[in-house]
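Peer 1: Going line by line, the protein sequences match chains A and B.
Number 634 in our numbering belongs to position 161 of the first sequence; there are no gaps in the numbering.
Number 487 in our numbering belongs to position 401 of the second sequence; there are no gaps in the numbering.
To be clear, the hints were calculated from the coordinates, so they are not data collected in a lab.
Be careful, since some hints might not be right.
[As the list claims (entries may be wrong)] Below, simulated DSS-like cross-link-like pairs (lysine-lysine); rule was C-alpha separation at most 27 Å, straight line:
#	chain 1	residue 1	chain 2	residue 2
1	A	Lys586	B	Lys372
2	A	Lys765	A	Lys749
3	B	Lys448	B	Lys372
4	A	Lys749	A	Lys697
5	B	Lys372	B	Lys395
6	A	Lys588	B	Lys395
[Said to hold, decoys possible] Partner residues aside, some chain A positions facing chain B, computed with beta carbon under 10 Å:
#	residue
7	Ser554
8	Pro556
9	Gln563
10	Trp566
11	Ala575
12	Val577
13	Gly580
14	Ala582
15	Gly614
16	Met615
17	Gly746
18	Val748
C-beta: ideal position from N, C-alpha, C; glycine also.
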Amino acid sequence: MDQTVKFYQTGTFTVGNRLLSEENRSVQANMQRTNSLNSGHRACQGCGEALGARYAIDAAMNASNNQLIAANATGCLEVFSTPYPETSWQIPWIHSLFGNTAAVATGIAAALKVKGRRDVRVVAQGGDGGTTDIGFGCLSGMFERNDDVLYICYDNEAYMNTGVQRSSATPPAARTATTMPVGPEPGNVFGQGKSVPLIAMAHGIPYVATATVADLRDLEAKVKHAMSLNGARYIHIFVPCPLGWGAASHDTIRLARLARESGLFPVFEAEFGEVKSVSKIRHRVPVEEYLKPQRRFAHLFGKNPAFETIARIQATADRNIRKFGLLEEAVS
Amino acid sequence: MLKQTEGSHAVAEAVALCRPDVICAYPISPQTHIVEGLGEMVKAGEVNNCEFINVESEFAAMSVAIGASAAGARSYTATASQGLLFMAEAVYNASGLGLPIVMTVANRAIGAPINIWNDHSDSMSMRDAGWIQLFAETNQEALDLHIQAFKLGEELSLPVMVCMDGFILTHAYERVDVPTQAQVDAFLPPYEPRQVLDPSEPVSIGAMVGPEAFTEVRYLAHAKQMQALELIPQIAAEFKQTFGRDSGGLVRPYRIEDAETVVVALGSLLGTIKDTVDRLRDEGHKIGVLGINSFRPFPIPDIRDALEKTQRIVVVEKCFAVGIGGIVSRDVRMALRNRPQPVSTVVAGLGGRAVTVASLRKMLLDAAADKLEPLTFLDLDWSIVNKQLERDRQKRRSGPIAEAVLRDIGVIAAKMV
Chain A
474 MDQTVKFYQT GTFTVGNRLL SEENRSVQAN MQRTNSLNSG HRACQGCGEA
524 LGARYAIDAA MNASNNQLIA ANATGCLEVF STPYPETSWQ IPWIHSLFGN
574 TAAVATGIAA ALKVKGRRDV RVVAQGGDGG TTDIGFGCLS GMFERNDDVL
624 YICYDNEAYM NTGVQRSSAT PPAARTATTM PVGPEPGNVF GQGKSVPLIA
674 MAHGIPYVAT ATVADLRDLE AKVKHAMSLN GARYIHIFVP CPLGWGAASH
724 DTIRLARLAR ESGLFPVFEA EFGEVKSVSK IRHRVPVEEY LKPQRRFAHL
774 FGKNPAFETI ARIQATADRN IRKFGLLEEA VS
Chain B
87 MLKQTEGSHA VAEAVALCRP DVICAYPISP QTHIVEGLGE MVKAGEVNNC
137 EFINVESEFA AMSVAIGASA AGARSYTATA SQGLLFMAEA VYNASGLGLP
187 IVMTVANRAI GAPINIWNDH SDSMSMRDAG WIQLFAETNQ EALDLHIQAF
237 KLGEELSLPV MVCMDGFILT HAYERVDVPT QAQVDAFLPP YEPRQVLDPS
287 EPVSIGAMVG PEAFTEVRYL AHAKQMQALE LIPQIAAEFK QTFGRDSGGL
337 VRPYRIEDAE TVVVALGSLL GTIKDTVDRL RDEGHKIGVL GINSFRPFPI
387 PDIRDALEKT QRIVVVEKCF AVGIGGIVSR DVRMALRNRP QPVSTVVAGL
437 GGRAVTVASL RKMLLDAAAD KLEPLTFLDL DWSIVNKQLE RDRQKRRSGP
487 IAEAVLRDIG VIAAKMV
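Hey, can you work out the whole structure from these sequences and the hints?
Peer 2: Here it is as structure tokens:
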């Protein structure tokens, strides 16, 4: 297909599949999609993680000719998908513990190598708590050894399964059950937290990418690209959580888009520690637009808005925009 | 083939002969020589088709073994002491998932105070983790038990811990008979699990189980260990057929036929105890020994039978449960319920303190004369203990115990003189 397609729905990159060539069509639009995470699971309405996992794992299945094994950390995704004696997984899947998923995946990959099953690929997946906090040691070990595993983190910025407690991925000022909006500095403190995508890059692994559930074609493309490579790979997917964030179920996609368009969540790809591409902001928005629909930030607004705090959050977004070059550069 | 070799190396050779698929290694004394040996063998190509993975922690070591085993690989790791505690969550997980991982525990004390020498505190901390726990008396037995462990674990779909005394066995050079590959192959069939992670037959492993079935799952874990009580002697008998020597089994009685006093113990300590008992026998004392090879499952019927006729039992153990006393002796008392014989607990060899024939002899003579306390700490230096207790009585003060004691016996005391 040579023709440039510019038929977007307002504010999205969505384009009708029938305007695209076969190979560019979405995995989800394919009749042959595997429904790896099948319907009937117990995720909340509007769950970003369920959406992200469905797209990511189906794309990984598509890319591996359906030869895929998944290791899953303890967390929402594990709990809502496998309540005994049911399972939503149509693929071989194992849950061991909260903090060891990357290592379990390493073990699976090692077993497959010994058995000469190089055609079978391994993904590991977990939430931000299982990835950036308790599973971080095993994750770093898996990266450092360049084990043949694609690790996918579904980041909803707190421990949602245990009732919305702060993780090292929780943003400043956010209300969680352990960072309540009380006292002189309500919500999560500034100056803490970590960027696991950047830390992953520091390991020099073949591929690191971020994505959001606002741009599922981009997410699928990144998973498929990751699956075309060997060695340690990491994809960090931003997945809004209606329950934990105090947001409407129908706003999951919108919030993910606003996180990207405000610059708060930079979407990029990196190879061997070098940033190779960034998703440019198309319609830049001030951070208030992203923060306001979420009750976890409600204490910043109301009768006496916390202008100073909002400005600090805006400064973070501005820094991301500068650092990653998220705005289209003017043609000189 | 007879060899003069280090205990650790003998174990490494045994594991290599079992054709492991995945070995995960993390260094901790006194287990290091085992994985070093295996690493070298794998790297040199002496172990075919094996992945040797240098992991970043013991928690990762067990986790990698879990993933590998669930994907159908024969998996092995080794650890000790703090390492076993650090992997504790994954230790329980491996047995809960029914994965036949074999792990050597080079028994070592647990800190604080940090101590690298031998006792059984580490394995004992995992006695309820659902693993089979076999204790080796000699280096030959350590070697043999690893070969039996893979067979046992894979038949029952349970993980097996082979416990061998750190340094006393791991670092001792002794003569061992290393079997041939053909012998091991004849004894140990390839690992063929009933259910693995395989795209052609997708299964979900490790799903959440609620109150409706959790008790049943736990009971089945117990039932499997009870099956092991039958299987362990069978496998030991098969082993004898193939390799021509006695190794393993549930318990090992020594001169107990007419014994009035029987000493119960685990591991390498049995050698010293048997020497002591031989001398006491020569002097006319009716003393025997019962070695426990399988601590989990705990062979209650065999122990009950073996101790039926004796008048008193002395359990010598290299571990103790702070706040109550013996660990092994509690289980022995359980085996002897409704029996009148007294069971004394003797805690010995903690943190590598040598257990000497002289001390054992004196303690056993006391026991034979019914002068042994229910709980005895062998060779305890009462002057240190009483001084500290007295100081505590005079002035209550929190702080690290070991450091307080060191003030009296260490460098600070020397400076104060």
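Peer 1: Each hint: holds or not?
Peer 2: Hints and how they fare:
1. A:Lys586 / B:Lys372: violated, 59 Å
2. A:Lys765 / A:Lys749: This hinted pair is violated, its Cα atoms lying about 32 Å apart.
3. B:Lys448 / B:Lys372: holds, 15 Å
4. A:Lys749 / A:Lys697: holds, 16 Å
5. B:Lys372 / B:Lys395: Holds, at about 12 Å.
6. A:Lys588 / B:Lys395: The hint is violated at about 54 Å.
7. Ser554: Interface hint status for Ser554 of chain A: holds (8 Å vs cutoff 10 Å).
8. Pro556: With a minimum Cβ separation of about 6 Å from chain B (threshold 10 Å), the hint on Pro556 of chain A holds.
9. Gln563: Holds, about 6 Å.
10. Trp566: holds, 5 Å
11. Ala575: For Ala575 of chain A, the interface hint holds, since the closest Cβ of chain B sits about 8 Å away, which is under 10 Å.
12. Val577: holds, 4 Å
13. Gly580: Because about 3 Å separates Gly580 of chain A from the closest Cβ in chain B, which is inside the 10 Å limit, the hint holds.
14. Ala582: Holds - the Cβ of Ala582 of chain A comes within 10 Å of chain B, reaching about 8 Å at its closest.
15. Gly614: holds, 3 Å
16. Met615: holds, 8 Å
17. Gly746: violated, 20 Å
18. Val748: violated, 26 Å
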